[in-house]
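**Q** Sequence:
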Amino acid sequence: MISTMTPLLEFFFHWDHYLREIIVTHQDWIYLLLFALVFCETGLIVTPFLPGDSLLFTLGILAAEGWLNIYYLFFFLTLAAIGGDNLNYFVGHRFGKWICSSEKSYLIKKEYIFKAEQFFARFGAKAVFLSRFIPVIRTFTPFIAGIGSMNYGRFAFFNVSGGLSWIGLFLGLGFFLGNQPIVKNNIQICIYGIILVSVLPLTLEWIKSRLSLKTKRSPPLK
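If you're matching positions, the sequence shown starts at 1 in the UniProt record's numbering and goes up one per residue.
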């Protein structure tokens, strides 16, 4: 198991090195491949584990170095993010209740659906925008919006604005900071930092839920 995870972790934490190789090997298809990756991360509830923030940041850095065209990246990845959420919304609207009630949904963690429901209940329609910046939650929020039959016009507004903001922020950070010596010489640390900040909300929520569960299990003082 460890031997299997090691190359996966190596790939996950060293985006810049492997992406350069992929760009050279598949330069004619690179934008389509990146489109598919972002589309699946946002549009398929069975692939919430795919990278998002760290990938966008790294792509911005590579664009600053001249490996990729920043305008093509922004166009195709924004289109993928918006299109992915749209697909997710309609899947939720059409099949969501069946998927959630089915005992055969082995590939979908009900825990993630529950967390997305809580997030949506807390922020309402704005959750579609805000969830863009939270891994896993961003994959399930449009699905929950579809189940709840959220007005499509409102969904589309927050979907488009969220997609533009998410892609623009992380791609822009990588692009404008990519040639700064402190970033260029410490790309791995920057990627680790992006990953850490990205998972921090989920980590804090997990700690909070564990503490809450522990409190409920504790016997009352006499």
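Derived from the structure by calculation, the hints contain no laboratory data.
You may find that some hints are simply not true.
[Said to hold, decoys possible] In silico lysine-lysine, PhoX-like type, Cα no more than 25 Å apart, as pairs:
#, residue 1, residue 2
1, K97, K126
2, K109, K126
3, K97, K110
4, K126, K110
5, K97, K109
[Stated by the list, open to error] So the derived label-pair ranges between C-beta atoms look like this:
#, residue 1, residue 2, range
6, F114, S149, 16 to 22 Å
7, Y71, L200, 40 to 46 Å
8, R154, I207, 30 to 36 Å
9, S165, V199, 36 to 42 Å
Note that the coordinates shown come from a computational prediction; the quantities given were computed from them, not determined experimentally.
Every residue, glycine too, gets a C-beta built ideally from N, C-alpha and C.
**Q** All hints are to be evaluated individually against the structure, with a verdict given for each.
**A** Status of each hint after checking the structure:
This hinted pair checks out: K97 and K126 have alpha carbons roughly 22 Å apart, not beyond 25 Å. Restraint check: the Cα-Cα separation between K109 and K126 comes to about 23 Å, which is no more than 25 Å; the hinted pair holds. For the hint linking K97 to K110, the alpha-carbon distance of about 12 Å falls within 25 Å, and the restraint holds. For the hint pairing K126 with K110, the CA-to-CA distance comes to about 22 Å; that is within 25 Å, so the pair holds.
Taking the CA atoms of K97 and K109, the gap is about 14 Å. The hint holds against a cut of 25 Å. Distance hint check for F114 and S149: the Cβ-Cβ separation is about 19 Å, which falls inside the suggested range of 16 to 22 Å. For Y71 and L200, the Cβ-Cβ distance of about 31 Å falls outside the hinted range of 40 to 46 Å, so the restraint is violated. Between R154 and I207 the Cβ separation comes to about 33 Å, which falls inside the hinted range of 30 to 36 Å.
Taking the beta carbon of each, S165 and V199 are about 20 Å apart, not inside 36 to 42 Å as hinted.
The structure is inconsistent with the numbered hints 7, 9, although it conforms to all the rest.
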